[in-house]
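2 protein chains.
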Amino acid sequence: MNGRSGPPSRTGATLGREGESAALARILPRLGSARASLVGPGDDAAVLTAAGPIVATTDTMVHGPDFRLAWSAPFQLGWKAAATNLSDVAAMGARPTALLVALTAPQDTELAVLEELADGLRAGCEELAPGCTVVGGDLAVSPTLTIAVTALGDLDGKPAIQRSGARPGDILAIAGDVGLAGAGLSLLFARGVDAEGNPSAEAAAALRPEFDRILDAQLSPRSPIGAGLAAAEAGATSMIDISDGLVKDAGRVARASGVQFVLAPDALAPTEPGVTLDHVLYGGEDHALLATFPPGATLPSDFRRIGIALAGSGVVLDGTPLHGRGWDPYAGWDGAAG
Amino acid sequence: MNGRSGPPSRTGATLGREGESAALARILPRLGSARASLVGPGDDAAVLTAAGPIVATTDTMVHGPDFRLAWSAPFQLGWKAAATNLSDVAAMGARPTALLVALTAPQDTELAVLEELADGLRAGCEELAPGCTVVGGDLAVSPTLTIAVTALGDLDGKPAIQRSGARPGDILAIAGDVGLAGAGLSLLFARGVDAEGNPSAEAAAALRPEFDRILDAQLSPRSPIGAGLAAAEAGATSMIDISDGLVKDAGRVARASGVQFVLAPDALAPTEPGVTLDHVLYGGEDHALLATFPPGATLPSDFRRIGIALAGSGVVLDGTPLHGRGWDPYAGWDGAAG
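Same order as they appear, the protein sequences are chains A and B.
Throughout the first sequence, residue numbering follows numbering that gives the first Met the number 0, covering 0 to 337 in sequence.
Throughout the second sequence, residue numbering follows numbering that gives the first Met the number 0, covering 0 to 337 in sequence.
If we strip away everything but chain A, and leave its shape as in the complex, we get (with noise of 0.2 Å):
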């Protein structure tokens, strides 16, 4: 991937066989060093700069009910784990400085597997939000591989854009796409699947590379990390990452703010093969940014308008109030993983 650390070898050295401290030595030169760091990996704790108010978020990725194996592949599970949590950190308005993972994987996960997981992580920083990245984190053996991410960012003392803050007549934007992740989950579930309907690499592969675009919004979406500063900059009223669709996340704003939003049909058509309105309104895992600004405001660049805050609550498209049915195309779980 960057060519710094060499590509990771696949050498049939596992986690159980080798031991975490092995492990960790393959693993911390490939994750580069953050602006913010003072005291990297290797200490009780990271040391870091802060500026003043800093904000924290944590988010959870499990094999099984968030991923699997036969459609992801380690660098983009690690690049995901960076970008969701990342966007929330940009949600509030700050800039990210730091990530912390606690990765856990069954004694038999090849060596090279967590190389490339962390390549992921450290390519989805830099790309996404240049001068950060993992600065520690803890590796144990677990029968679930699960990466857990903290992400730390810094207000640069301003303050910090919540979901309480739209006011009746404020625009409501949104930076990022919205309906690309969703529909790349629903054909995977759909047709990346063999014939007994079990999660396949082949039959992913195949999709590609006509659905590239739905597909790498859900395995490796590119969250506009820079646009949640450039919303602070412009006097975002409020802001908050779309993580399990735009109905149900416009309506947590909606109603932490006391306002109404009513969305805009035209702006919200989609136009890429294989998406849907039911996949802009109710899909999630976009990791797009949805803000309000001041009536009259100029937008910055990344952001597009989608619609108005009124009095009044909820969310209303076409004189109809919308129901966020929620994100959840695990649900029901039934054990399997893949």
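Hints should not be assumed to be uniformly reliable.
Some chain A residues close to chain B (C-beta under 8 Å, calculated; not the full set) [unchecked claim]: (1) Gly31; (2) Pro64; (3) Leu186.
Just the calculated beta-carbon pair ranges, DEER-fashion [as the list claims (entries may be wrong)]: (4) A:Gly18 x B:Asp193: 27 to 37 Å; (5) B:Pro167 x A:Leu68: 47 to 57 Å; (6) B:Gly234 x A:Thr297: 46 to 56 Å; (7) A:Asp317 x B:Glu126: 32 to 42 Å; (8) A:Ala12 x B:Asn197: 53 to 63 Å; (9) B:Leu309 x A:Arg34: 36 to 46 Å; (10) B:Ser312 x A:Pro158: 43 to 53 Å; (11) B:Glu126 x A:Pro208: 51 to 61 Å; (12) A:Thr297 x B:Gly156: 38 to 48 Å; (13) A:Pro167 x B:Ala335: 53 to 63 Å; (14) A:Arg34 x B:Thr48: 15 to 25 Å; (15) B:Glu126 x A:Ala50: 28 to 38 Å; (16) A:Asp155 x B:Glu125: 25 to 35 Å.
Bear in mind the hints are in silico, worked out from the structure with no lab data behind them.
Fair warning: this is a prediction, and the values are worked out from it, not measured in the lab.
Beta carbons are placed, not taken as given, at the ideal position from N, Cα and C, and that holds for glycine.
Position chain B against the provided structure of chain A, taking the given hints into account.
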């Protein structure tokens, strides 16, 4: 535990049946509010005050390799998850400000179990690091119960105490118990089991009250968090949280600092029933603090002298170099959970 939210109610409600939102609604009120908190749970990220450089660390407890439910009550799991991470913050000379908790649990986990775990997290913070509590987290369904905690701390403008600062002539000192937690786990593996050798809550209960001290040290350790701040104020030159055994962790400081530690045999003689010198030297999970102080320094009241730093390398007792055997009582873990 604290009377503020009422006792957890064993209603049979499970994580799978109630869902994440309902579970969080029951857990969050139990966690209290951190002194450093500007924005608590419920937005994309928590917002915390920071007076300058911060420390951050993460550590995970996995059901099976790290704990057994037959031996640990949910309250104890929460307490221990807090204590072990707070101890890493304290070992940098920092004041713990906040925890973030990524919890994964099987679908059939009773919400009452999660409430008790939250109570343990809060009680551990209140007792060991007043003002600190959980400010954010994530709850996900997984086949494996896992508690990943990230702890944050504020250095209040002082430099971090690293592992690399010990100098020849420094006093080697310890705060907290050493050997007890390892003795407690040895006892559980030996006598906290049924006739087939499986962990047994009944067998473990029969070891009380005789072995309360070592069982509590293992299951709900009381790390001397305040001693970390006191050590920093007293001019400690290095510090480490003893999690993997005294010899192994002292060896890490010796290596990072380029010194040799000579241990004083008298200072290490075990006095607690069930604790051997082997437990003192090699048993892990005590989460005591090991620090060095300049020659002639007045030790903070929680610390007692156990040796001296000399030019050289390694850790020596009675003229014999010791080698950390590590601390992995679940080594060769066979997948058993219990």
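Outcome of the hint check:
Below 8 Å, beta-carbon pairs count as interface contacts, and glycine 31 of chain A has none with chain B, the closest being about 17 Å; its hint is therefore violated. For proline 64 of chain A, the interface hint holds, since its Cβ comes within 8 Å of a Cβ in chain B; the closest pair sits about 5 Å apart. With its C-beta approaching chain B no nearer than about 24 Å, leucine 186 of chain A sits outside the 8 Å limit, and its interface hint is violated. Between glycine 18 of chain A and aspartate 193 of chain B the Cβ separation comes to about 30 Å, which falls inside the hinted range of 27 to 37 Å.
Proline 167 of chain B and leucine 68 of chain A have their C-beta atoms about 51 Å apart, which keeps the hinted 47 to 57 Å range intact. The hint said 46 to 56 Å for the Cβ distance between glycine 234 of chain B and threonine 297 of chain A, and at roughly 54 Å that hint holds. For aspartate 317 of chain A and glutamate 126 of chain B, the hinted distance range of 32 to 42 Å is not satisfied, since their beta carbons lie about 56 Å from each other. The beta-carbon spacing between alanine 12 of chain A and asparagine 197 of chain B, approximately 32 Å, falls outside the hinted interval of 53 to 63 Å.
The hinted window of 36 to 46 Å between leucine 309 of chain B and arginine 34 of chain A holds, with their beta carbons roughly 38 Å apart. In this structure the hint that serine 312 of chain B and proline 158 of chain A lie 43 to 53 Å apart at CB holds, the actual value being about 51 Å. Restraint check, glutamate 126 of chain B to proline 208 of chain A: a C-beta distance of roughly 58 Å satisfies the suggested window 51 to 61 Å. Hint check: threonine 297 of chain A to glycine 156 of chain B, Cβ distance near 39 Å, so the stated range 38 to 48 Å holds.
As the Cβ distance of proline 167 of chain A to alanine 335 of chain B is approximately 59 Å, the hint placing it in 53 to 63 Å holds. As the Cβ distance of arginine 34 of chain A to threonine 48 of chain B is approximately 22 Å, the hint placing it in 15 to 25 Å holds. Remark: the range hint 28 to 38 Å for glutamate 126 of chain B to alanine 50 of chain A is upheld by a beta-carbon distance near 32 Å. Against the hinted window of 25 to 35 Å, the Cβ-Cβ separation of aspartate 155 of chain A and glutamate 125 of chain B comes to about 32 Å, which satisfies the hint.
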